[in-house]
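Colleague: Below, each chain spelled out in residue letters.
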Amino acid sequence: MTDIATYAENCIAVRNVRKVMRTQRGAELVALSGVDLDIAEGEFVAIVGPSGCGKTTLLNQIAGLAMPTSGEIRLRGKPVVGPGRDRGMVFQADALFFWRTVRANVEFGLEVQGMARQVRQQRADAYLALVGLSAFADLFPKELSGGMKKRCQIAAVLANNPDVLLMDEPFGALDYPTKCQLQEELLLILEREAKTTVFVTHDIEEALFLADRIVVMGPGTIRQIVTVPFVRPRRNDLRVDPEFSRRKGELWRLLETVHVQRAVLGDV
Amino acid sequence: MYETQQATVSLNRANLLQGRWSGLVAILALIGLWWLAALMVQATLMRGEIFLPSPLQVIEAIPRLSVFAGANTPQTFSNGLWVIAVNTGSSALTLVGGLTIGGGLGIGLGLAFGWSATLRLVLEGPFLLIRVIPLFALLPLFLSWFGGTRTGAVSFVAFAVFSMLFVNTLEAIRNVSPLVQAYARTLGASRLRVYRCIVVPAIVPELIGGARVVLGLSWAILLAAEFLAAQSGIGRIMILAQQYFDTSRVILIVLLIMVYTLVLDRFVAAMGARATRWVPRKDY
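If you're matching them up, the sequences are chains A and B in order.
First residue of the first sequence: 1, per this note's numbering; consecutive thereafter.
First residue of the second sequence: 1001, per this note's numbering; consecutive thereafter.
These aren't lab readings, by the way, just hints derived from the structure by calculation.
Note that the coordinates shown come from a computational prediction; the quantities given were computed from them, not determined experimentally.
Think of the CB as a built atom: it goes at the ideal place given N, C-alpha and C, for glycine as much as any other residue.
Keep in mind that a hint or two might mislead.
[As the list claims (entries may be wrong)] Derived DEER-like restraints, expressed as beta-carbon distance ranges: (1) A/Val240 / B/Arg1212: 55 to 63 Å; (2) A/Arg22 / B/Arg1281: 22 to 30 Å; (3) B/Val1259 / A/Glu143: 35 to 43 Å.
Whole structure, please, built from the sequences with the hints as guidance.
Modeller: Right, dumping it as structure tokens:
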């Protein structure tokens, strides 16, 4: 396996991470049982798997929002000990500051950085333009549609210039056309500013369309890592490519075996 | 797009006007019923105005308030209104003092408790015990501590306001979405900044709700304090009027307090509406 020497080459190194959680009634639940994962600089990794298999838990450990029971996570060689500006996170639910306008939402991280007001506003406006929200900068989040709320979050996280982009089923709650559009936009944005990205999803088409590698998880462990061969830049017409459909089929069958195994486990 | 918006706006305005008018009609009808009842009571009972004076008799009671400015004061409308103004001022001073001290302590300590887990662990139990003390049972205690001074009345109002707003603040802090706080942390915010820039603005709507309840009750609490021990104030003249069996004056003062409470509540609601523009609400 990988040793200490390779830490430097990786952007993110997950080493033997185990996470045991306690339920309200005190029962122990093994959410992650010894996960190893290396993510290269600039790589886009998608994590797929049935619900409850530990995808989000793994992402939360990388974000530093929770600490592993044992094992270690390093970011560019430095151990992760808590959340930080270097890892921007786009959440599944609407993580927005509802009392701030759209522009002020994007400005929050920049305020934390201590950026001057003018620079902050310019930067916020630039990122709002990038996600197509310029006309909505002075609205409150409650006045935005679901897709616009997501765009606002992405703008806020990107404006903060993190090294790593962590995304937890960000498009899960959106309708199919909006989802496809936002996926393509995300790729366009990442073509402009390359970021190492970890993207949790249960949608295999989404994973295949976006990622360089797809990590297929079963309950608490990594089952298989699939390399996606499609060249970049990728555009929406890739979705109807026969090769895309074939890969999707393969991935589907792979996920099904994970499901079956889980069902058997559940019966015991 | 614009047409529909304008249509909605004018519709809302029409609804609002209609609402105002029907409200006014209802109030006038109630006054009419009151008058009718008063006439019937006074037709059947000797000195029926002690039981139920008519609206006109209540207005006529204004000059009789003059006696509270000194026994020899001529009983005129202007002297009566002067008494109202002076005693309202006195009560308002007590109320503002109590609200400021109690509100400041309640929200301040609530914020401190929300920040510090140690503080909660050690002191939350004792502090919540304050809430289960029957408020008015404390009134005699405050009387023996402070006598019939303004300090006593202010302390009593402050105590009541404190206990309500403390619980309100702490509960509001507990309700702040953990997701939004986690999100702020991933953007690089320190714990202190999350508290200052996320928790504090997020609790404002709940605090305003609490403040409206407290303001409504604060007049009642103030009256109780003034009934027992005060040299001046609305509660003081009310209890004096009652001792003369002058129900007209009592009702006059009740109506006054209703107006004051209503004005205060409207004021806070208007302030609150601006501060909570961002809260997702259903618009009709």
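Colleague: Confirm or reject the claim that B/Val1259 and A/Glu143 have a C-beta distance inside 35 to 43 Å.
Modeller: Hint holds: Cβ distance 37 Å, inside 35 to 43 Å.
Colleague: Range first: 22 to 30 Å. Now tell me if the beta carbons of A/Arg22 and B/Arg1281 are that far apart.
Modeller: 37 Å, violated
Colleague: Is the distance from the Cβ of A/Val240 to the Cβ of B/Arg1212 consistent with 55 to 63 Å?
Modeller: 58 Å, holds
Hint 2 from the earlier list is the only one contradicted by this structure; the remaining hints agree with it.
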